[in-house]
Amino acid sequence: MKTLSLVVPCYNEEESIPLFYRTVSKVIDTMNTPTQTVTPEYIFVDDGSSDQTLAEMKTLHQAHPETVHFRSFSRNFGKESALAAGLQATTGDLIAVMDVDLQDPPELLPQMFQLIENDGYDCVGTIQKERKGQSKLRAFLSSSFYRVINRISDVRIEPNARDYRLMTRQFVDTVLDLPEFNRFSKGIFSWVGFKTTYLTYESQPRAAGTTHWNLRQLFSYSIEGIIDFSNAPLRLATWVGSISFFLSLIGLIFVVVRALTVGGAVAGWPSLVVIVLLIGGIQLFCLGILGQYINKIYLETKHRPKYIVREEK
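Each number in my numbering comes from the position in the sequence shown (counting from 1) with 17 added on.
Label-pair restraints from in silico Cβ distances:
#, residue 1, residue 2, range
1, Q187, T76, 31 to 37 Å
2, L36, Q128, 17 to 23 Å
3, G298, E197, 29 to 35 Å
4, E328, Q128, 34 to 40 Å
5, G210, D68, 36 to 42 Å
6, V326, L36, 21 to 27 Å
7, S67, D194, 31 to 37 Å
8, D190, N49, 25 to 31 Å
9, G258, R186, 43 to 49 Å
10, A72, E134, 33 to 39 Å
11, G258, R92, 38 to 44 Å
Result set (EDC-like, lysine to aspartate or glutamate): computed pairs, CA atoms no more than 16 Å apart in a straight line:
#, residue 1, residue 2
12, K323, D194
13, K75, E329
14, K203, D180
Just so you know, these hints were derived from the structure itself, not from any lab.
The C-beta atom is built at its ideal place from N, Cα and C for all residues, glycine as well.
Using the sequences and the accompanying hints, generate a full structural model.
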């Protein structure tokens, strides 16, 4: 008998939770055979929702107290914290991470299960093809992010990889051993290594509700990933500062030579002001990059918890 834990982060998903449970339960039922029994363990994580998400979780728990459990945060801590909380609560032999909106097709679970059981994989991830209805700008920014991070980071992240994946107990325990406060799960899952493969699937519409991610949040999340898994921005700041210094040194030599050969100062206050502003902008740009890393260090040294659980069953 195998226990399959399903970690399901939720934020204002009251409509999706019942649909998710019914759909996934049917799929798991098909995985049971005369020689194999798969027992599900649902770990729903309420990330500080403002609707009836928690009430739906409680209803499911009351109906299925042995297999459905939930953790509710004291406020919204973000999806990364919800993933960490869900993984820490699991007890299963295999652990799956899924979105509650059913854009992660549960029908892949049997195939993922067999790849781990029969082919010896430690993790089976998923890659979603281009989403239907996704704007060209959003698709361009997404593909650009993966190109950039894979060029500047030592850890390769599969383009368009989803959080949806099935993992062994050893794989998850290794992920949980990483203590950092700033977490970028896609990078962490790749960093720990192990034997991993990916399945590709067509994009799926949401079962209910609307997405809670906008371009600003996705851009911020991308910056988090780059800073967490690369020091390239710091190297960029060093190069920009070095080039700026080199150009200013050339300018100084030009001014001195001109004063000695032609006489008088170089005319052009507007150009001088522009140069001063340019140098100041470069300095602030480099300080901003440095500040991002210092902020990460500051958050790590506080040793604050990644989340606070208000209620759990």
